[in-house]
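Join these two chains into a complex; the hints should help.
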Amino acid sequence: MPIEVQVVSRARELYSTENADMVIIPGSEGEMGVLPGHTPVLTTLAFGELRIIEGEDIIGFVVYGGVVDVRPSKVVVLADDAESVAEIDLDEVEAARQRAQQLMAESPTEDQRWQIAQELRRAEIAARIQRRRIPSGARIRSLDDEA
Amino acid sequence: MPTTREIKRRIVTVKNITQVTRALEAVAASNVRKSQNAALASRPYAQHAYEVLVNLAAQERGVPQHPLLEVRDPVETIGMMVIAGDRGLAGAYNTNIIRRALRFVEHYGRPVRWITVGRRGGDLIRRWIAQMQDSETAEPFLKQQEIVAEFSHLPADLDSPDVKPIVRVLFDEFMTVPVDEVFIAYTHFINTMTQQPRVLPLLPLRPFEAKSRTIAELVEPDPEVEMRGRTYQYEPDALAILNEVIPAFIELQILQAIRESLSSEHSARMVAMRNASESADALSEALQVEFNKARQLAITSEILDIIGGVEALSQKNKT
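Those protein sequence lines, which keep their order, are chains A and B. Using the working numbering, the letters of the first sequence map in sequence onto residues 1 to 147. Using the working numbering, the letters of the second sequence map in sequence onto residues 1 to 319.
Excised from the complex, chain B in its bound form (with noise of 0.2 Å):
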């Protein structure tokens, strides 16, 4: 049986543990608030930059060749984004999205260059990979993976501004060539309970596909095409309208699919910190109930010292 100083000693730890997380539960819930604000505000643009795609796809001249609607044929190196979070603490969120991204990749069987957003991202991959070169069963496509950017420490309340770098790296990448096709793999928010990982192809830009999918379901899916039949007139020309929709259009996905990412991370780690808190909470209950029975143990047992000795004189005396 521990003594009461050192069941006293657990209890003030796991007290102070129980502080710690707590204030990380509160730091997530306010990034959550952040990151989904930002996610609402960009909507409209993107809805209406698809609307725009959408009704030059339905004039008869069709729609003029711009390089990132490139379908290439065939594909033979792939690009993938993969975002994860800089820390841990946030229950399966790193794992789980890490984990989807590779069962992708295992299946695609493509070479991959990598480009990771969140540090614990970036890590896990070049373990991964370095895994890969020593196995000496994997198949040959798994040796030639390879990251080519690393991005780490977002902000919450995430921006045009902190994508530009990622996004003029993905598009040197499909642009030079060294890829034909680039997927992202994001965290899509559901609600605080749940979020799901997901992997999407991001370019070439399909718009014009009847299921394409968009991130997040960040335009509705049947936008109103008023435009069929009826002819636009461009200017400068139709090349410099698409120059300006859709790189835009490409870059707010990654910033929603980051953003999405951010409060799914955000709520995991609110989540799990929950969790922890209550977990410390029924810890620190059951040291209290073992410290006072130590305590009362102690005392009883000092007590009968005491009836001993008592009990023992008297019986000195009597004879």
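Next comes chain A alone, as it looks inside the complex (with noise of 0.2 Å):
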């Protein structure tokens, strides 16, 4: 039985899925991996990555806080902010850094403070993922592969 999931943004839907086999949230309370009849679970989200992974295929996004719902046969993630991770662009992220940190010099106001803190745990998230990135479409190892 998959699970349904969507992902939407304040400013836009990102994906939605009714196949999904797994997805793995990055919540505040700790990552949490949700197989088809989860428990129903209303959680906040960490700055962090989703995995929605659905056949052989994972797919990656990036969150930037909000809410999980999660019911045994959907998941609705509401992220505050959030792109998927083939969209990120590594050199526009070290740039965006170097932007922040620029910024954090010259004593900035509360609303850019805000920013600065997002680009910079952004740059950080980005450059995590990009270092153990799984190639899409990679086969998922399983148990019986081993033996």
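Hint data in this document are derived by calculation from the structure and do not stem from the laboratory. Yeah, the Cβ is synthetic: ideal placement off N, Cα and C, and Gly gets one too. Incorrect hints may have been included.
What the hints assert, rightly or not - No farther apart than 16 Å at their CA atoms in a straight line, the calculated lysine to aspartate or glutamate pairs in the EDC-like style are these:
| id | chain 1 | residue 1 | chain 2 | residue 2 |
| --- | --- | --- | --- | --- |
| 1 | B | 8 | B | 281 |
| 2 | B | 164 | A | 80 |
| 3 | B | 164 | A | 81 |
| 4 | A | 74 | B | 51 |
To be verified - Partial chain A-side listing against chain B, Cβ under 10 Å, derived:
| id | residue |
| --- | --- |
| 5 | 10 |
| 6 | 16 |
| 7 | 27 |
| 8 | 39 |
| 9 | 40 |
| 10 | 44 |
| 11 | 66 |
| 12 | 69 |
| 13 | 70 |
| 14 | 111 |
Claimed, not checked - Sample of chain A residues with no beta-carbon within 10 Å of chain B, all distances over it, derived:
| id | residue |
| --- | --- |
| 15 | 33 |
| 16 | 59 |
| 17 | 85 |
| 18 | 100 |
| 19 | 105 |
Written out as structure tokens, the structure is:
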């Protein structure tokens, strides 16, 4: 029995599927793997990577806070902000990080501070994901393969 | 009868005006599209957030108290956020929304702390407040009107960071208690020909009332309540979830109201400018006819002059 998953941010709808096998959620209380028939949970999101495993594909998103509504056959991710891992441009992230650090040096206002923190965390997450990126379409090894 | 030269000059003036109104019409049309697209993009989030709220409310344990849900009684002072345009040349757009807001305030009978969006809106409200101060017959609450914040120059492709300061002022007003209720006056966009000024309650948020009206059909009225009779686990706790969902939902409502208003403003301007272009065309046509007549008249009188002269000369020769 697959899970229905919807990923939306305040600005737009990012992804929607009815055939997910598993969802790995960066919850504020720790990472959480959701399989079909999971007990209903409402949890807040941390900044981190959300992964949807669908057949042989792993679809990755970076989410920046928000809420997840987990029901037995449906997962709704309401992110404050989110982007697809495939969309992340490392050069652009690096440029943003430098901009942020520069801004930090010139006594920022509260609004800017928030944005700076956002950029810095984004850079950190992007770099982390990049280091151990699984090529999309890669086969997920199961225990049987080991044998 | 004006001379042909005078008429010619007027024709040129009218044609210049047409160029300006045409350009404004084109700009307005492109802005309508921009704000419309943005308005549609955030609907899925609003819908799901609303679903979460309603599912939470269906829980047997009920909803924990959240400051933005607090209903106060009696209501002494209200906050009114009114969204108008920065500029005129948009037909009756600005006056319509201000008139709607003022009618509501007069009817509700409470002192108001105003938050205005759009320069024109701020100007009109300020003038009205001054009028009330000078008036001898105005009721006491009409003398206790005050503008607490003014915002202007919002971009056509408005996004969440653009409204953050507005949202912060609203929350501050409500949470630190100068106001007990907050209303929002905005223009609902129906289509390019029709827009409707509306006043809706914004705070406290009442998501669980059967007929709670949310802005601009932002959400479907009857979300799926799958979780009735089932129990959620909360991580870390229910209040943390509400803290996340409620402000986001309100922010989206404000964002949506401003987007609807921007769409309405640009459409109103587009239509006003199209009408202006059309009247200018009609005027320039009428002037052209007048010009032709004047020209013909001049030619006729010149010919008459010549004929008269020739006639006079031939008469003279005969005698």
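Outcome of the hint check:
1. B:8 x B:281: Holds. Residue 8 of chain B to residue 281 of chain B sits at ~15 Å (cutoff 16 Å).
2. B:164 x A:80: Holds, at about 13 Å.
3. B:164 x A:81: holds, 14 Å
4. A:74 x B:51: holds, 13 Å
5. 10: holds, 5 Å
6. 16: Residue 16 of chain A check passes; min Cβ-Cβ to chain B is 9 Å, inside 10 Å.
7. 27: Result: holds, 6 Å to nearest chain B Cβ.
8. 39: At about 6 Å, which falls below the 10 Å cut-off, the nearest Cβ of chain B leaves the hint on residue 39 of chain A intact, so it holds.
9. 40: For residue 40 of chain A, the interface hint holds, since the closest Cβ of chain B sits about 5 Å away, which is under 10 Å.
10. 44: holds, 5 Å
11. 66: It holds, given that the least Cβ distance between residue 66 of chain A and chain B is near 7 Å, below 10 Å.
12. 69: holds, 5 Å
13. 70: Given a least distance of 9 Å, the restraint on residue 70 of chain A holds.
14. 111: holds, 7 Å
15. 33: About 14 Å separates residue 33 of chain A from the closest Cβ of chain B, which puts it past 10 Å; holds.
16. 59: Given that every Cβ of chain B is farther than 10 Å from that of residue 59 of chain A, nearest at about 17 Å, it holds.
17. 85: holds, 20 Å
18. 100: holds, 15 Å
19. 105: holds, 22 Å
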